[in-house]
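Residue numbers (the working numbering), protein chains in the order written: chain A, 1 to 319; chain B, 320 to 677; chain C, 678 to 977.
Keep in mind the hints are simulated off the structure, nothing from the lab. Errors might be hidden in some of the hints.
[Stated by the list, open to error] Derived contacts from chain A toward chain B, CB cut-off under 7 Å, selection only: (1) E216; (2) A220; (3) S223; (4) K224; (5) H235; (6) R238; (7) P239; (8) D313; (9) R315.
[What the hints assert, rightly or not] Here are some chain C residues pointing at chain A (derived, C-beta under 10 Å): (10) F812; (11) A822; (12) A912; (13) G917; (14) I931; (15) A934; (16) L946; (17) L954.
Virtual Cβ for every residue (Gly too), placed ideally from N, Cα, C.
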Amino acid sequence: MTRYLLQRVAALIGILVLVSIGCFYLVHLLPGNPAASICPQCYPAQILALDKQLGLDKPVYEQYFIWIGNVFHGNLGIGTKSGVPVSTLIGSSYKLDIELIVLSQLMAFLIAIPLSVYSARRPGGVLDQTSTSTSFALFCLPSFIVVVWAVNLLTIHWSFFKGPGTNPYPTGGSWLSNIGTNLWVLTLPAIVLALGSIAIYFRLLRSEMVFTLQEEYITAARSKGLTTNRILWRHALRPSSITMLTSAGNNIAFLITGLFIVEVKFALPGLGYDLIQAIAAPDYVTIQGIALVAAVTVVVANFAIDLITPFIDPRIARA
Amino acid sequence: MSTSAPETLVTGDAKSEGQAEHKLLEVTDLRTTFHTPRGPLVAVDGVSLSLERGETLGIVGESGSGKTVLSRSIMGLIPGRNTQLSGSVLFDGVELVGAPESLLRSIWGARIAMVFQDPMTSLNPVHRIGRQIAETLRLHLKLSKKLAAESAVTLLAQVGIPSPELRARNYPVELSGGMRQRVMIAIALACGPQLLLADEPTTGLDVTIQAQILDLLAEAQSMRHMAMIFVTHDLGIVATRTDQIMVMYSGRAVEVAPTRQLFANVRMPYTEALLHSTPRIGDPSHTRLQAIDGRPPDLVHRPVGCAFAARCPYAQEKCREESPPLIADAAEPDHFYACWYPRGTPTPAQAQGGTSVA
Amino acid sequence: MLNVDPVVSDGEVAVAAAGEQLEILEAPKRPLGFFFWCCVGWMFILAIVTIFASFLPIKPVGTFYYNVGRDATPSFAHLLGTDELTRDVLSRLIYGGRVSLVIGLAGTAIGIGFGGVLGMMSAYVRGKFDAALSFAMYVVLAFPAIIAVICLLEFWGRSEWHIIVILGLFSVPFIFRVVRASTLACATKEYVTAARSQGATTGRVLAKDIFPNVIPSLIAYTVFTFGGIITTEGALGFLGLSVPTPEPSWGTMIGEASGDVTVTLAYVLAPAIALFLTLVALNYAGEQIRLRFDTSEQKL
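Bound conformation, chain A alone (with noise of 0.2 Å):
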């Protein structure tokens, strides 16, 4: 167990290293001098003199080192255009980010669990079709279809909820104390979000939970006098959990696209609108920002999932 722990440990530096010059590169890979954008109608020495100031005529991987250690204070730099540190201009759209995220998965594992387990119950049956079918229809719908025949159906036409734009997502004051009107605004997004999720994982866990109902262990079960539901519960599920969990972890590189689509259409201040807008400006200190937050993000959640998958099987790590 201690060697799988290290292990994952040492992946994760591994990877968060390599992630953060991968960032840092992103960005100068780009073209153009970001003294140049900052004050266009500079004279090439005023550039030149600019370029010193900001630190980018040091070599490479010395601006990187120096980057990276301010990142480990937590000052991700400050805004080349707009002078705002980028750690608070990101702050609350992260937040507004992870509900989501959070949400959306949420909602996913809830419909998506039982609706696994039930339909392995009967495979072919007419639960099992209507949800196969059903998850395979949504797995082909992007997320940005959806959003549109959704926010044209519900808000255009039936006035369920209200259109984009008119119920702002609240910035300011504490995050509990605005914590209804978060879920509220969010609930339309994070079903959006939840759908192409379901489909995900309801395939995938479906179809261990029928190969694991087949397993020895569970005609055990039936023969020591256990009802159905408990052996689905508490015997099939947790064997079979193990692909959705580390999919689920794979899942969150994919939703950011996701993420992304809804906030456009939604008009909701998260990660995305602000790299298109530094990306206009360009304002390559906060792209390198963004980028970094959400490559973090990413890879934290996969080693988040990497350790708790042990405790749900103990076969892995103690084989």
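Fit chains B and C to the supplied structure of chain A, relying on the hints for placement.
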């Protein structure tokens, strides 16, 4: 000899109907059919048997003989949709065939228990050992969590597992094969069942461990006056530990007898061949192992006539045309066999070839 | 009753669930199914229509029909009506399809070209090379690609070719993983050792012994990647970051439709349905292929 009557089996001490004391287990004409894409597959074809409290029955047969399906059919554990169970299984007077799931569940684990063949796959890999034992205790005996956990540890000690308190917190993957099988037995014995179905419990274990497990089962039996049905392919194992033996072939019982009589007066050529194929310590070195040629017949497309005819060294024309019924031996009324030309008895047309029973 | 039906792959006897070891027949090849061929048919039709778009009797793309007006409802002349800039929707739909298909195909080609070769090499050579490459691929997978894609596109310039290259490169890790896994499964088999002991060069072994066994899963995942790239392009289009207007793409059209309240139903539905059908066709076909050929990976 016609074959019209279904095989009904009455043991030596025949009890008349209506008597208060009924047998622990009475199986009549049990038939299990699987509906496969190739056609209906009859895995158990009209088997009958009976068992008293405390008795041991050994069911012997090759892979594919239907012995595992039989034990599961008796218990009622065969999965639902594509299978069909007909006949009667009377357990302590209660009919199990066609019984509602709730009834079966109240019996499973509490009064009938099963020990499965491969303990690695029959123990839930994500649950701790102690919990898997305690689960039955809490379900059937309604013990509290604490009491169940303590009882689980006691049970582990009873089946001979050292440091049971520590072991109870282990997962199956952390135990050796022999220990896992002991755990399986502990689970089965936990609620004190009246009948234990042991499905090849020692296959795949070391020979020394095998003996230990068998002793453990015997001890549990005598302590609890528990009946046991022991399913195996190894005649040697059941030779000394059973009261009755049933030899199965191709889904049917082909020879049934009290153990001593079976070995003393083998009737069915198949049983004789099984006996011969068991290597014996006393044989001179380099004695050839006698395997039985050929393979068991397809259970979907059954051949007409005796199922063993294709592999029987004594097969005659009649064997290939008509299927022999299970009948009682003239001399020994509780010894049954299904053969036109049984070994060891004079018959109208003497079969040729083969050696007589040693 | 807990209906634990044993998975009967066609022909396999159901008794396996009861623990008996009866003769397991050779499972007949799983048929691909009627719907599979429908999917292939759809892709075929799509390809034909988009390739020969200029020969079809549809309105030329990019022409403005002021006389018909904006957001016109479908009529005989304009089967799907016009968009808010008075362009014919049907022809934009078809030319948009061309864009999606081209990006999808070319991007996938890049993906399987690099991913396939690297995957096979990595699994075959193993050792440090494999460890390093797998780790690198894992890092790329962990990185939220969309951010990199958006940044790169914005700065490099949005053109069809750039999109193809970037999306193609980002699909390399997926193919890499799959190919590496199936190559690993093959490379340890006996016949490869046998071939090597007879002096076959690495290239030859790869080509003749391993590649034919890798192909089945590769084909399935190629189809999935195709679907994935089309989806990503659609997402980019929705955000307005795909091929620059006025060139149509399904994603862009969906994005345009979402903004406007006055758009016709046809405009809202048409590109979305077209994209949906294409994804269904690709994913279904890919899944059937995978189930049919991929005997090793039973589950996902």
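Comparing the hints with the structure gives:
no.	hint	verdict
1	E216	holds, 4 Å
2	A220	holds, 4 Å
3	S223	holds, 5 Å
4	K224	holds, 4 Å
5	H235	holds, 6 Å
6	R238	holds, 5 Å
7	P239	holds, 5 Å
8	D313	holds, 5 Å
9	R315	holds, 5 Å
10	F812	holds, 7 Å
11	A822	holds, 7 Å
12	A912	holds, 5 Å
13	G917	holds, 9 Å
14	I931	holds, 6 Å
15	A934	holds, 6 Å
16	L946	holds, 8 Å
17	L954	holds, 8 Å
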